[in-house]
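*Asks:* Listed here are the chains, written in short residue letters.
There are 2 protein chains.
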Amino acid sequence: MKRIVIVGFGTAGLRAALSAKSQDPSVSVTVISEERYLTYSRCGLPFVIGGQIDSFEKLMVVSRNMLLRLGLDLMLGFRAVDVIGDTLYVEKVDSGEIKQIKFDSLIVATGSQSYLPPIRNLNLNNVFTLRSIDDCVKIINALGKVKHFVIVGAGAIGLECAEAFLRRGIKVHVVELMPKVLPNILDDDMASILQESIVKHNVTLKLNGRVNEVLGSNTVEGVVVNDEIIDCDAVLVSTGVRANVDFAKKIGLEIGSYAIKTNEFQETSKAGIYSAGDCVETRHLITSKPFTPYLGTVAYKQGNVAGVNAAGGSMKFHGTLGSMVLKVFDYEIGATGLNVEQAEKEGIKVIVGKTKWYTKAEYYPSHGDLTVKVIFNADNGRLIGGQIIGVSDVAQRVNLLSALISMKAIVDDVVNMETCYSPPVADIIEPVVRASEIALKKFRK
Amino acid sequence: MKRIVIVGFGTAGLRAALSAKSQDPSVSVTVISEERYLTYSRCGLPFVIGGQIDSFEKLMVVSRNMLLRLGLDLMLGFRAVDVIGDTLYVEKVDSGEIKQIKFDSLIVATGSQSYLPPIRNLNLNNVFTLRSIDDCVKIINALGKVKHFVIVGAGAIGLECAEAFLRRGIKVHVVELMPKVLPNILDDDMASILQESIVKHNVTLKLNGRVNEVLGSNTVEGVVVNDEIIDCDAVLVSTGVRANVDFAKKIGLEIGSYAIKTNEFQETSKAGIYSAGDCVETRHLITSKPFTPYLGTVAYKQGNVAGVNAAGGSMKFHGTLGSMVLKVFDYEIGATGLNVEQAEKEGIKVIVGKTKWYTKAEYYPSHGDLTVKVIFNADNGRLIGGQIIGVSDVAQRVNLLSALISMKAIVDDVVNMETCYSPPVADIIEPVVRASEIALKKFRK
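The listed protein sequences correspond, in order, to chains A and B. Using the numbering used here, you'd call the opening residue of the first sequence number 1 and step up by one each time. Using the numbering used here, you'd call the opening residue of the second sequence number 1 and step up by one each time.
The set of hints was computed from the structure by calculation and includes no laboratory data. Misleading hints may appear alongside valid ones.
[As the list claims (entries may be wrong)] Computed list of lysine-lysine pairs in DSS-like fashion (alpha-carbon distance at most 27 Å, straight line): (1) B:58 x A:356; (2) B:354 x B:250; (3) A:145 x A:200; (4) B:356 x B:200; (5) A:441 x B:2; (6) B:2 x B:354; (7) A:21 x B:316; (8) A:408 x B:21; (9) A:442 x B:21; (10) A:442 x A:349; (11) B:147 x A:354; (12) B:21 x B:2; (13) A:445 x A:408; (14) B:21 x A:58; (15) B:441 x A:2; (16) B:408 x A:441; (17) B:2 x A:445; (18) A:441 x B:58; (19) A:316 x B:441; (20) B:441 x B:408; (21) A:408 x B:270; (22) B:445 x A:2; (23) B:2 x A:21; (24) A:2 x A:261.
[As the list claims (entries may be wrong)] Partner residues aside, some chain B positions facing chain A, computed with beta carbon under 10 Å: (25) 215; (26) 267; (27) 271; (28) 366.
[To be verified] Covered stretches of chain B (in silico footprint by chain A; criterion: 3 or more residues with CB under 8 Å from a CB of chain A, positions within the stretch not fixed): (29) 13–19; (30) 128–140; (31) 229–242.
A quick note: this is a predicted structure, and the numbers were derived from the prediction, not measured. By construction, the Cβ of each residue, glycine as well, lies at the ideal position given by its N, Cα and C atoms.
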């Protein structure tokens, strides 16, 4: 009987466990996790704060019963500390007690943790990060007394929390170091659409703002942004995450530019040791460069590949376009592939098409606006990226663009695409096609 | 100066006019139409009956001012009767007055008309069809006195009108000759999901029902379905449309299996005469057989091609997958390519994947159900069709499948597709991918 041991029980760890069992029901699977919860959706946490989701239990994607029925051996509250030969050493978080577990295949799915930038006094009370249920509980417990939150970082989590805090009646100030929101995702022109909407909802937005210091003696009393003081009584630091690679380093796995290196089978530099999820660096499908997208979708796919292969199968994960979507106030915002800024950094000459159009027929009462930007490689016509902001129907258009990129579509393919239409659900003119027609005209000039 | 004359001012005629002017602003464009209205969205008519759209004006997609500004010559209320040499003869519908118009290029966009099956007494009062604003006005004028509508035909228009009548407080009975609703579009299993929903809304649905006769002396009093009498005081006949080819025949254009034959440039058998829209038969992109999809989207694209080419450009329309979507009661229903029944008729062995999943994360409160069926060619793995029924987010998934078919995607391409995820807008598991994974397993057996 093959023994598979998985370190980490997030999206990648769970998926690896289920896929291993599904690939070969005879394998034994043991999962080690420092957290005491079963796998839950981290992406759902801001919506518990906002109140749209009314309990953490709803975020649990599997039940203990289901896991036991599948014959998984769960060791929650344990930390992996070392590997010697075919033995994993784990430590009980509470007591420090050490246990040994023999394995044939090991899957490292240690995930990532909140990145803390060099800001003075981050140790004060009411300075939060949001990554785990425990983080979320601390925030929710503080909400009753907090009147003014400063959010450091206008990435996805920062913006989702801005909406959540506002829903709880709290004044919100978002400070972003870069000159735009979602700086790793959107070009300036697309970011400005979202910025207008955020400001309209009475969130104060400070771009080009460097937070140097949190003020206060015991509890937060303000932050210093550039040379200005903003009074506040709580701070959320949402400046991204970093891969957890300490354990991987300890056991001698090769680390790449950002995170654990694996091949397409999700196998690390050591035979029989796989890795999946936020702790791994993958390949960007357009630039072929190392890339850590920190996306649940990628963790899910990599976990599947690692689980199947650890159980004797053969499956590959080829890389990612970083396709993502989020919802903030009035808009859904999505992107895939490269934006113009990223493409130019890679030395790719681009041709862009952009249009503001409607989510359904203009004459149908509940129609809303949708802006599509598509980006093509000027040399070969290939679609290399897209950004979409609209009141609805964004996610599936991101998937469409992502599929077109993967199928190596050129601008003519997108222009000739057949789309469907009915007044209550989609206009006869599809904005993705219209934006591409605009790009095509530039190609012909 | 090149003279372009367009017969018909529906979606294809209007698009042809605009595209001709855009291709070469120096051409003169004259448009002939029997209707006295400017181009309007026929697809919007059921929603005027239902009350979601409050006036016909909203359905007008261009204004007279805009058309005049573009320099189009409009001749509304005229019927094209013949072509001799380079002269088109038109007749004023009111007066019978004949006029002659010289042309260099002619575009025939005569559209389609409601098909009337052989049912006795269709000439009674309160027997309606729905194709034009005039048809729609007659229906709306009758609504106040009508208590029970029988709809003959459960295609898109029939079902949209079922909902519209019900919104107006009228009892509705839908009778369909075939054993399922949307018989040309859905397989039995997918149709049954929609049927359940329709019946839940208190529409009486009679499948396998042949209407032989309308009863009544002056006004409708009932219909005979099979051998049964259904009492009612109005009948809508929505049994599809047929291409208007009388004028084309008169002027000697070649007619194919169903409608006017053209090449990929939308040129008919006579040089310099183009045709576009419902009056044309096109090529099915999978079977390569003649096909009349009767879709606004296809008319729009063909009109564009005809207009560009008539004005001296060179553009092709390659054919269609018949991608369509509609909304009826709780569901959006969409399809593209072949269904299983159609594929088998073509002698294609299929492998099918199907899943019922969610429109967004299961734990997010407003999630709803979405069923995806994907159909692959068993011999070469190619995606050849799909059907989707869900509470929302159907249209863009139809576009995705349609794009994948056009890009010649095989089952592995769909399975490996990257999708985006955020709890309020899309689940981490994309139903199109999940359905394809189920198909892939069958391929491997």
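*Asks:* Indicate, hint by hint, whether the structure satisfies it.
*Replies:* The hints, checked one at a time:
With a CA separation close to 20 Å, the supplied pair residue 58 of chain B and residue 356 of chain A stays within the 27 Å bound. A hinted pair counts as satisfied when its Cα atoms are at most 27 Å apart, and residue 354 of chain B with residue 250 of chain B does not qualify at roughly 48 Å. For the suggested pair residue 145 of chain A and residue 200 of chain A, the alpha carbons sit about 25 Å apart, so the restraint of at most 27 Å is met. The suggested pairing of residue 356 of chain B with residue 200 of chain B holds, with an alpha-carbon distance near 19 Å, which does not exceed 27 Å.
For the suggested pair residue 441 of chain A and residue 2 of chain B, the alpha carbons sit about 24 Å apart, so the restraint of at most 27 Å is met. Taking the CA atoms of residue 2 of chain B and residue 354 of chain B, the gap is near 53 Å; set against the 27 Å cutoff, the hint is violated. Proposed proximity of residue 21 of chain A and residue 316 of chain B is contradicted: the alpha carbons are some 52 Å apart, above 27 Å. Distance restraint check for residue 408 of chain A and residue 21 of chain B: the Cα-Cα separation of roughly 33 Å exceeds the 27 Å cut-off, and the hinted pair is therefore not satisfied.
A distance of roughly 19 Å separates the Cα atoms of residue 442 of chain A and residue 21 of chain B; the hinted pair therefore holds under the 27 Å criterion. Distance check on the hinted pair: residue 442 of chain A and residue 349 of chain A sit about 13 Å apart at the alpha-carbon level, within 27 Å; holds. About 50 Å separates the Cα atoms of residue 147 of chain B and residue 354 of chain A, which puts this hinted pair outside 27 Å; it is violated. About 11 Å separates the Cα atoms of residue 21 of chain B and residue 2 of chain B, which keeps this hinted pair within 27 Å; it holds.
With a C-alpha separation of about 23 Å, the suggested pair residue 445 of chain A and residue 408 of chain A falls inside the 27 Å cut-off, and the hint holds. With a CA separation close to 57 Å, the supplied pair residue 21 of chain B and residue 58 of chain A exceeds the 27 Å bound. For the given pair, residue 441 of chain B sits about 24 Å from residue 2 of chain A by alpha-carbon distance, which is consistent with the 27 Å threshold. In summary, the hint linking residue 408 of chain B to residue 441 of chain A is supported, as the alpha carbons are separated by about 26 Å, within the 27 Å threshold.
Using a Cα cut-off of 27 Å, the hinted pair residue 2 of chain B and residue 445 of chain A holds, with the two alpha carbons roughly 24 Å apart. Of the supplied pair hints, the one linking residue 441 of chain A and residue 58 of chain B is violated, its CA atoms being roughly 31 Å apart against a limit of 27 Å. Under the criterion of a C-alpha separation no larger than 27 Å, the hint pairing residue 316 of chain A with residue 441 of chain B is consistent with the structure, at around 16 Å. For the hint pairing residue 441 of chain B with residue 408 of chain B, the CA-to-CA distance comes to about 20 Å; that is within 27 Å, so the pair holds.
For a cut-off of 27 Å, the pair hint linking residue 408 of chain A to residue 270 of chain B is broken: about 38 Å separates their Cα positions. The hinted pair formed by residue 445 of chain B and residue 2 of chain A meets the criterion: a straight-line CA distance of about 24 Å does not exceed 27 Å. Taken as a hint, the residue 2 of chain B and residue 21 of chain A pair is broken in the structure, with Cα atoms around 71 Å apart against an allowance of 27 Å. Restraint check for residue 2 of chain A and residue 261 of chain A: satisfied, since their Cα atoms lie roughly 24 Å apart, inside the 27 Å limit.
About 34 Å separates the beta-carbon of residue 215 of chain B from the nearest beta-carbon of chain A, more than 10 Å, and the hint is not met. At about 19 Å, the closest approach between the beta carbon of residue 267 of chain B and any beta carbon in chain A exceeds 10 Å, and the interface hint on this residue is violated. Interface hint status for residue 271 of chain B: violated, as the beta-carbon distance to the closest one in chain A is roughly 25 Å, over 10 Å. Because the closest C-beta pair between residue 366 of chain B and chain A is about 9 Å apart, less than 10 Å, the hint holds.
A stretch counts as covered by a chain when three or more of its residues have a beta carbon under 8 Å from one of that chain; for the region 13–19 of chain B and chain A the count is 0, and the coverage is violated. For a cut-off of 8 Å, the count of residues in the region 128–140 of chain B with a CB near a CB of chain A stands at 0, and the three-residue condition is violated. Check result for the region 229–242 of chain B against chain A: violated, 0 residues qualifying (beta carbon to beta carbon below 8 Å, three or more required).
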